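*Asks:* Chain by chain, the residues run as shown.
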Amino acid sequence: MYVFICEDTIDGIFTAVYNAWDSHLGHKNIYILAKEPENYELFCEYIRVETDLEKSKKVADTIKRRLGVTVYTTLCEAIMAEEPCPKKTSRMNAADTFSITKADAFYRTLLYAFSMENPTRIMECLGNPYVLYLFELSRNVHTEAHHLLGFLRFQELQNGILFAETHPKNYVLPILGDHFSDRLPGENFMIYDKNRKLALIHRAGIKNFLITDASSINQEMIHNYSASELEYQKLWCGFFESITIEARKNPKLQNQNIPKRFQKDAVEFQK
Amino acid sequence: MQIQENMSIMEKLQILSDAAKYDVACTSSGVDRKGDGKGMGNCIAPGICHTFSGDGRCVSLLKILFTNECIFNCSYCQNNCNNDIPRASFTPDEVCSLTMEFYRRNYIEGLFLSSGILVSPNYTMDLIYQTLYKLRVECHFNGYIHVKAIPGADPALIERAGFLADRMSINLELPTANSLKELAPCKSRRTILTPMRQIQNGIHDNTLLLGDTSYKGSQPLSTKTRSSQKFVPAGQSTQMIIGATPENDYQIMSVAEGLYQKFELKRVFYSAFVNVNEDASLPVLPGGPPLLREHRLYQADWLLRFYNFSVNELLSEDNPNFNIYLDPKCDWALRHLEYFPVEINRADYNTLLRVPGIGAKSARRIIQARRTTRLDFADLKKIGVVLKRALYFITCSGKMMYRTKLDENYICENLLRDKTQIPKEIRESGYKQISLFDVGMTEPPQPVSLAMIT
Ligand code: SF4
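If you read the sequences in order, they're chains A and B. Going left to right, the first sequence walks through residues 1 to 271 as my numbering numbers them. Going left to right, the second sequence walks through residues 1 to 454 as my numbering numbers them.
Rather than coming from a laboratory, the hints here were simulated on the basis of the structure. It cannot be assumed that every hint is accurate.
[To be verified] Cross-link-like lysine to aspartate or glutamate pairs, in silico, EDC-like; alpha carbons within 16 Å at most:
1. A:K249 x B:D55
2. B:K34 x A:D178
3. B:K38 x A:E187
4. B:K382 x A:E136
5. B:K38 x A:D182
6. A:K252 x B:D55
7. A:K234 x B:E101
8. B:K34 x A:D182
[As the list claims (entries may be wrong)] Using C-beta positions, here's what the derived DEER-type ranges look like:
9. B:A360 x A:T143: 16 to 22 Å
10. A:C237 x B:T372: 51 to 57 Å
11. B:P46 x A:M1: 39 to 45 Å
12. A:E246 x B:N178: 26 to 32 Å
13. B:Q78 x A:K35: 54 to 60 Å
14. B:P46 x A:S99: 31 to 37 Å
15. A:K197 x B:E313: 57 to 63 Å
16. B:R305 x A:P259: 27 to 33 Å
17. B:T372 x A:E246: 51 to 57 Å
18. A:F43 x B:P46: 47 to 53 Å
19. A:C44 x B:N345: 43 to 49 Å
20. B:R305 x A:D182: 29 to 35 Å
Note that the coordinates shown come from a computational prediction; the quantities given were computed from them, not determined experimentally. Virtual Cβ for every residue (Gly too), placed ideally from N, Cα, C.
Using the sequences and the accompanying hints, generate a full structural model.
*Replies:* Right under this line is the structure:
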C-alpha cells in the first residue's frame, strides 16, 4: 500500500489526487491521508505530498468541467469538514485497514464519477459508501456555515473595523467570506476562527477577502471597542429581551434551535 | 395615554418591540438578491435566523412598531387606545440608524416595520413610506424589508411603500367579518381586503398600479437606486388570531384556502391568542395560548400548500375541528381507509403524498428509486419514510410490513401511542394533558360569512 500524506486543505488534497493519479501505482494500492498517520504500518510506503497550486488548479478545472460546478462546490465543502464526522454514519468497515476518511473518499469518488456515463450525477449515488460519506460531511459543513451566517456577531472596534470571533467545528471561513463580502462591501471586517487561529480579512471596496494565520493576533486591539459599540449591544440585548412572549416561554426549544456552542459567541446570551 | 417627551432610544425600542411581538411572521424568506457592491445588504431566499428568543422562535428581522400611539380600539391588542400603557413613536431617522447599525453587526436580516395608527391611517402610512425611502435611498440599504400596509390608507401610499419593500402584509386579524366587527370596530373586511387585492394586482403587473403618473417624478425608483425595481418581490402574507373568537377550524381553514387561491398569498400565519389585556369579554384559555391547535392549523396549512389537499377533504360542517391528538394527515387517512393500502411500487406521486409518514421529499425519492429496483421496507426506511406511521397504510410488492388490521379504531389506537404526534416543543413547554373528554368541541357552528373571500 502506498499512503500519500498531504496537507488538510483543498489545495493539499487536490495535489495529492494529482500525484496519486500520476504515480501509476494502481488505484487499489493507493490511500490518501490528510493528516499524520496515527501509527505507521509495516508494509506501507509513505509518500509526502508537497502542495502545488498549479496541480491543484488542474484538478479543480477537471472536476468543474466533467462533474459540474454544483458537484465541485459540494466536494469542496466536504473537504472543509473536520473529521471525524460527528454523525458517525460513515459505515466503517472493520475489515478495512484504512477506514473511510475524507481525502481518500474524495479520491475514490472521483474515480467512480469518471467511470460513470453521466458524472454530474455522482452525488446521487448514495449507495457508494465514499460518496455517502462526502455527502454527509458536506451537509454538515453546509449546516454549520448556514447557522453562522445568522449567529456570527460583529463588534465595532475603535478603528471602525468590524470584528467577529467564532468557534466553528469545520473550516467554514471561505463560505462566510463569500457571504459577508457580498453583504458588507463597504466595511473593513475581520472574522477570527479561534479554533484554527485563522483570520479572514476584508477591506472596504475590495471584492475579495483573504484568510491568514492569526496566532499572534493583538488581543488588546480586538477588545478595544468604538464609542458607540456598547450602546448598540445594549439596544440589541434590550430588543432580544422584550421580543419574547412570556406566555410561550420555552428555553428547551430555544437551546435546541440555537445550540449552546453558538450562544457563547452571541452577545445577547452573555450575562 | 401616557406620552413621554425625550424618551431614550432604548426606552422606545423596548416599548415598540414589546408591542410588535405578537405578530408571528419573522421570516426573511422569498427573495434572492445579491449585494450591489456599494450599499449594504443582500437577501438569501430561504431566509436566515439570527437568534432565537426565549420562547424558541426565530428572530430574523428587527420587528418593531413605528408607533403604539394608536387611535383604534381593537380589544385583543395591548396598544388599543383605551389601555393605560407607556406610548412611544420612532422618527424615520431613528428606525434607519437602528436598522443599519444592527444589520452591520449581523444581528438581523432586515426590518419588519408595523405600526399602530397615529393620527390617521394616511398619516401613519406616509411616515412608514418616508422611513423606507430614507432607508433605501439615503442609507442604501439593500437587505430585507417587510412592511405592514395600514388598513384604510390611501392606495397610492401603499403602492409607493410596496416598491421599496420585499414583503408586504396586512393582517386579516380574525377569521370572520362578525368577529372583526366585535373585536376591532375600527377595522372592516373592506379596509383590509381592498389593500390586499391591490398588493396582489401590484405583484402581477409590477408596474404603477393606479395609472397615476403625477408622482412618478418623485418616485425614488426612477432614480435607479435599486437594481430590481420590483413590487413586493417576496409576496404578501397575513395573520389570523386563533382562539379569541368562536370560529372553528373549518371556518379558519376555509378562509386560509380562499386567501391562497383568490389573493395568492405567500403565507397565512396563525397566532395563538394571548389575552394580554385581561379583557373580561375575551376568553381566558385554561391551558394558556392554544399552541397545539395553532400547530395543527400550521400542519393543515402545509397540506393545502404542498400536498394538494383541499379544506373540504380535511374538514366539514359535521366534522369542523381537527382531532387535536393526531396530525391532520393521519386524521384524514383514518377517515378514508377506502384509499388504502397503497402499493409503494406502483402508486403515483399524488397518492404517495397522501400516505401518513411519507413527505414530499420521500415521495419524490420513492419514484426515483423504484425506476431501477423494487422497493422493500428497508429501502423505505433509508429513503426517510416514517414507517411507524406509514406501515398501516402501505404495501411493498403486495406485502404489509406486519400483520395489521385496516381498521379505524385499531390504527388510531396505535398511532396515538406514538408520542411524537404532539410535537416535542409543545410537550416540553408544559402543555397540559387534557383528557379526550375536555376537547368536546361544543361551540355552535357559526355561519361562515366569507362574502369577499370565497
Ligand atoms: S390598529 Fe388595532 S391592532 Fe393595530 S395597534 Fe391599533 S389597536 Fe392594535
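*Asks:* Which hint numbers doesn't this structure obey?
*Replies:* none
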